[in-house]
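Undergrad: Residues per chain are reported as follows:
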Amino acid sequence: MTDFTIHHTPDPQADTSLPDPNQDTFFTTVLGFWMYLMTDCVFFAAFFATYAVLHNNTFGGPSSRELFSLSTAFIETMILLCSSVTCGMAMLAALRGKKNQIIAWLAVTFLLGASFMALELHEFTHLVESGNSWTRSAFLSSFFALVGTHGLHVSIGLLWMFVVTMQVFYWGVTVDTFRRLVVFSLFWHFLDVVWIFIFTFVYLMGVI
Amino acid sequence: MFGKLTLEAFKHEPSQTFAVISMALGGIALIGLIFYLKRWKWLWQEWFTTVDPKRIGIMYIIVALILFSKGFADALMMRMHQALSVGDAHGFLSPGHFQEVFSAHGTTMIFFVGMGMVFGFMNLIIPLQIGARDVAYPFLNALGFWLFASAATLSLVSLAIGRFSATGWLAYPPLSGLEYSPGEGVDYWIWIVQIAGVGTTLSGINFLVTILKMRCPGMKLMTMPIFTWSILCAMVLVIFAFPILTATLCMLTLDRYLGMHFFTVSGGGNLMMYVNLVWAWGHPEVYILILPAFGIFSEVVPTFSEKRLFGYVSMVWALILITFLSFIVWLHHFFTMGASANVNAFFGIMTMLIAIPTGVKIFNWLFTKFRGRVHFDSPMLWFFAFVLNFTIGGMTGILLSAPPVDFQVHNSLFLIAHFHGMVIGGMLFGVFCGFTYWFPKVTGFFLSERLNQYAFWCWFVGFLLAFMPLYMLGFMGATRRLDHYEEATNWNPLFLTVAAGAFIILCGAVIQIYGLFMSIKNRKKNMDLTGDPWNGRTLEWSIPSPPPIYNFAIIPTVDQIDPLWAIKRGQAPKPHYDYEDILLPKNTPMGLYIGILSLIFGFTMTWHIFWLALVSLFGIIGCVIFKLSSPAEHEVITAAEVKEIEAAYLRRSITA
Chain E
1139 MTDFTIHHTP
1149 DPQADTSLPD
1159 PNQDTFFTTV
1169 LGFWMYLMTD
1179 CVFFAAFFAT
1189 YAVLHNNTFG
1199 GPSSRELFSL
1209 STAFIETMIL
1219 LCSSVTCGMA
1229 MLAALRGKKN
1239 QIIAWLAVTF
1249 LLGASFMALE
1259 LHEFTHLVES
1269 GNSWTRSAFL
1279 SSFFALVGTH
1289 GLHVSIGLLW
1299 MFVVTMQVFY
1309 WGVTVDTFRR
1319 LVVFSLFWHF
1329 LDVVWIFIFT
1339 FVYLMGVI
Chain R
113 MFGKLTLEAF
123 KHEPSQTFAV
133 ISMALGGIAL
143 IGLIFYLKRW
153 KWLWQEWFTT
163 VDPKRIGIMY
173 IIVALILFSK
183 GFADALMMRM
193 HQALSVGDAH
203 GFLSPGHFQE
213 VFSAHGTTMI
223 FFVGMGMVFG
233 FMNLIIPLQI
243 GARDVAYPFL
253 NALGFWLFAS
263 AATLSLVSLA
273 IGRFSATGWL
283 AYPPLSGLEY
293 SPGEGVDYWI
303 WIVQIAGVGT
313 TLSGINFLVT
323 ILKMRCPGMK
333 LMTMPIFTWS
343 ILCAMVLVIF
353 AFPILTATLC
363 MLTLDRYLGM
373 HFFTVSGGGN
383 LMMYVNLVWA
393 WGHPEVYILI
403 LPAFGIFSEV
413 VPTFSEKRLF
423 GYVSMVWALI
433 LITFLSFIVW
443 LHHFFTMGAS
453 ANVNAFFGIM
463 TMLIAIPTGV
473 KIFNWLFTKF
483 RGRVHFDSPM
493 LWFFAFVLNF
503 TIGGMTGILL
513 SAPPVDFQVH
523 NSLFLIAHFH
533 GMVIGGMLFG
543 VFCGFTYWFP
553 KVTGFFLSER
563 LNQYAFWCWF
573 VGFLLAFMPL
583 YMLGFMGATR
593 RLDHYEEATN
603 WNPLFLTVAA
613 GAFIILCGAV
623 IQIYGLFMSI
633 KNRKKNMDLT
643 GDPWNGRTLE
653 WSIPSPPPIY
663 NFAIIPTVDQ
673 IDPLWAIKRG
683 QAPKPHYDYE
693 DILLPKNTPM
703 GLYIGILSLI
713 FGFTMTWHIF
723 WLALVSLFGI
733 IGCVIFKLSS
743 PAEHEVITAA
753 EVKEIEAAYL
763 RRSITA
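Residue numbers (our numbering), protein chains in the order written: chain E, 1139 to 1346; chain R, 113 to 768.
Don't read these hints as lab results, they were simulated from the structure. In this text, all values refer to a predicted model and were calculated from it rather than measured experimentally. No residue lacks a Cβ here, since even glycine has one placed at the ideal position from N, Cα and C. Any given hint could be a false lead.
What the hints assert, rightly or not - So the derived label-pair ranges between C-beta atoms look like this:
1) E/L1219 / R/L333: 35 to 45 Å
2) R/P207 / E/G1269: 52 to 62 Å
3) R/F475 / E/A1190: 40 to 50 Å
4) E/V1168 / R/L726: 28 to 38 Å
5) R/L333 / E/T1210: 44 to 54 Å
6) R/T642 / E/A1183: 32 to 42 Å
7) E/L1169 / R/V132: 38 to 48 Å
8) R/G371 / E/S1207: 17 to 27 Å
9) E/G1269 / R/G589: 45 to 55 Å
Assemble the whole structure, with the sequences as input and the hints as a guide.
TA: As structure tokens, this is what we get:
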């Protein structure tokens, strides 16, 4: 029966000055963050399902075909995809412990994320100014809610990125800041994946 | 400046004014008592800022008990009103207030009493059962509790300021839309449930990771105690179900605050989508409540039968199957929606399928007792009552799962009798069973067995009287949420019986509270010095009661399902004691701060005081950033200190 016993073998490379020399915190945090991402995924799924049910209920208002500009959405997609690449570059720099490179790549990621938000807000104001706000029809309600929820996530991501960058700036790459960078990059890539679905289901299928 | 909040909000009906005044007096008395006993510092250091799951668990249960008294008072008011409101008499509640009372009753009992008890037990028992010193994210745990507590406080505030929702516990549109409920009631409900729900999601993630990552060496998934398994399954349900609730509430919020049209037909919205979404959360939710009760019985029955649990593996698979099936039955809550016969048939059959794994569990418990040495202590009495009530409730559930039958009794008192049979006879009896069972472990002293048995018989008889007649009334056509009926229906004798049953339950509850106070008062006389009063099987009984702050001086190593029995029967080596330094996370008040800010946020959003809502929102963000930017701090308990504490416990148990 003793065969089943698991023995913890301490990692020889581990930093024993920390309370957690086996770095359990890192794997526990990353696993927990994946769980959080799954809850967020279900959260978005509810909004996607709602959009699927309501996207034809234009209530006499304009439909997706009349409203959406595929070129803007495509540019937004490209910007967000690029920001995922630069975020990945920041992570590669973090693995090598290059503080300045991390900050530089995160700055680029931040700019890309901010320009994505600027484009999205521009699209929203354009819709509202042309009389097609969220109060116009159930279709537009579900559109604003779905895309707006993603936008809210990106905005939170930008704030988070700023905080993590400041931490790297002041403290360098430590066990804590590295873990936070990993978790942040998971969040950022997740938002990219969600956007791919929005681009496909809302914009592409809405225009076709 | 004050949004929609005016002095008008403080004017109430007599019964409510009475409740508000007694609540305020109780609160003032409590604060006065704390000043008198000079316990503020103690409260702050030991409780408000704690990240110890044992303390957080006790706080969950205290909040749940406070809210239980509110929800129970609601129930008594409804039953008294229904017994009196017949023919020319119109009872003592106005129809509008009656609606608020039943909405508050459901919301309170599910979100605060049921969930509070589940999360309380989880915090108290899971780390002990898996041989861990803490949960995966101690701060997140505290935060989850304080969000829960702030939502509970907001529900008490809603009693005193303004009106509560009058739209039932799930607030279906169009009734809950702006057109038919323009007041603050539904907004209160939205923010209460939203804040509690976010707290639940966070704690759900926390405990799932705790169970997956923090088990002691050798404890594989298939050697975990069943209670831990039931919590694992319940937390999977939390993670998949609660985000749907959050999203649904967001949509209702957007409809009400920004004029969107998710559920308003006049803008192209689809109100049945709300009902679908809310039950896609709601059905898993009832299993989040009942699975932990199954887990509690699976711990109690073998211990009090002195026999291993019959069919451990089938027990686990039954839990997993129920977890899976609970996601594909939600439509049975609204067969009358008008989906096609085939759709209704699918959901009806899926619902009936759940009876199979549940039946497996019932038979496993019964076979565990077969040829065991059964002790008829009060935890087992709760189990016997549970088997009877749960079987009756299960059978009527099968009846309801057949769409043609459901069309007849939909929204009738038959349904009420069914789900109260599951929630009281199933979940609450399980909670009482676990409360008696683990009370000495958590506090270090016993509840009075004699008073427990009196309380049990009151609850059992009262329950049967209060709910069996509802089945008959349902067949006779009495609908739920009924505030007045005609004499010619001949329902009055049954409603009087129901009210009498409710009062017998009240006697049981009073005896329980009296018993709790008496056992605290006489705690010196009924100490649990051994730490293992019931001849337990699982790891929580291998340590002293109440457990030391670090739970386990030595992290145990486990190689089978009932590790403590193996040690006691000489089938496994006794652990040897090489103490080491133990690191525990430091207390932090940040969870409390975020809880208070969320309370302000919820209250100000309800009353449209947007500037203050924005301030508190920024406050929450600031607190989170501050917490994330401060290094994790730990307290060290040195090996010498551990040795001293353990030696003191050992001396105590030898003298016992």
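Undergrad: For the range 38 to 48 Å, tell me whether the beta carbons of E/L1169 and R/V132 fit it or not.
TA: holds (46 Å)
Undergrad: Regarding R/F475 and E/A1190, is the given constraint of 40 to 50 Å on their beta-carbon distance met?
TA: holds (42 Å)
Undergrad: Taking the beta carbons of R/L333 and E/T1210, is their distance inside 44 to 54 Å?
TA: holds (49 Å)
Undergrad: R/T642 and E/A1183, beta-carbon distance inside 32 to 42 Å?
TA: violated (51 Å)
Undergrad: Could you check the hint for me, namely that E/L1219 and R/L333 are 35 to 45 Å apart, CB to CB?
TA: Given about 39 Å between the Cβ atoms, the range holds.
Undergrad: Tell me if the beta carbons of E/V1168 and R/L726 are separated by a distance inside 28 to 38 Å.
TA: holds (33 Å)
Undergrad: Please check whether R/G371 and E/S1207 have a Cβ separation lying inside 17 to 27 Å.
TA: Holds - the Cβ-Cβ distance for R/G371 and E/S1207, about 25 Å, lies within 17 to 27 Å.
Undergrad: Would you say the C-beta atoms of E/G1269 and R/G589 sit inside 45 to 55 Å of each other?
TA: With Cβ atoms ~51 Å apart, the hint holds.
Undergrad: Within 52 to 62 Å: is that where the Cβ-Cβ distance between R/P207 and E/G1269 falls?
TA: violated (42 Å)
Checked against the numbered hints above, the structure violates hints 2, 6; every other hint is satisfied.
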